[in-house]
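Position 202 of the sequence shown, counting from 1, maps to 202 under UniProt numbering, and the rest follow consecutively.
I should point out that these hints are in silico values taken from the structure, not numbers from a laboratory.
These figures come from a predicted structure and were not determined experimentally.
Built from N, CA and C at the ideal position, the CB exists for glycine as well.
No incorrect hints appear here.
BS3-like, lysine-lysine: derived pairs with alpha carbons at most 27 Å apart:
#1 201 / 151
#2 187 / 201
#3 180 / 191
#4 201 / 189
#5 191 / 201
#6 180 / 107
Restraint-style ranges between C-beta atoms, simulated for each label pair:
#7 143 / 203: 18 to 28 Å
#8 99 / 3: 10 to 20 Å
#9 84 / 212: 35 to 45 Å
#10 187 / 209: 13 to 23 Å
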Amino acid sequence: MLGFVAPNKTVAETTALLKPWFDELHSLNITFDPVFKNYVKVGEGLIDTFPTESVQTDAAIGSRLFPRSAWENPGSALFEKTWATWSASMASGVLISFNIRAPNVWKLDNAVLPAWRETVLHTIQGAGWEAGASAEAMKNARADLSVRQLKWKQATPGAGSYLGEGDIEEVDWQESFFGKNYPRLLKIKNKYDPDGLFWTKRAVGSEGRHIRNVRCQQDVTPQLWRF
1 MLGFVAPNKT VAETTALLKP WFDELHSLNI TFDPVFKNYV KVGEGLIDTF PTESVQTDAA
61 IGSRLFPRSA WENPGSALFE KTWATWSASM ASGVLISFNI RAPNVWKLDN AVLPAWRETV
121 LHTIQGAGWE AGASAEAMKN ARADLSVRQL KWKQATPGAG SYLGEGDIEE VDWQESFFGK
181 NYPRLLKIKN KYDPDGLFWT KRAVGSEGRH IRNVRCQQDV TPQLWRF
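Whenever a hint applies, use it, and build me the whole structure from the sequences.
Set out below in structure tokens:
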């Protein structure tokens, strides 16, 4: 069992909060030995509870924001397609999911990806390889992830992906990561950084450059993007 934090809760309160879940786990014959600790400072609790994490050099990840509409009607064609696609990925590799409940704020004029406002499930999937794997093995794992990512997109048309945990090879990434905000964001980018000094793959305005021989080079024939 991984650690988690219950802010402003005592051990007794946390135990009571988790009891229904623990009872269900026991009924399934799942054994575990939880350890509860109190911490005065949040930082101390985080350092003691969570292990040092490694830099991910042995996996590629992608994600998708699944809208509430995909899950609202069990038995519908949309529900069945979404469930089949999501569960297939669960059987194929790493799958981490977060329940999302966005507040009902639709009229804010900001750069937040609009798909977040309709999201109920944020899911990350991955494809990994063994230490010392060949370039070909990494390429094959990468290709497998791309296929599964495409299936997620086909099951959730019009949705999006979280850039911070997105696929670096995301297809139609402007729509996935930025949605209808992209044209305006691109204008801002071109205004304040007309020379493209600040660049990263799949970021706003990155269409005009590409990586070759570990160097970022300007594309002499950039493809114009249309939303």
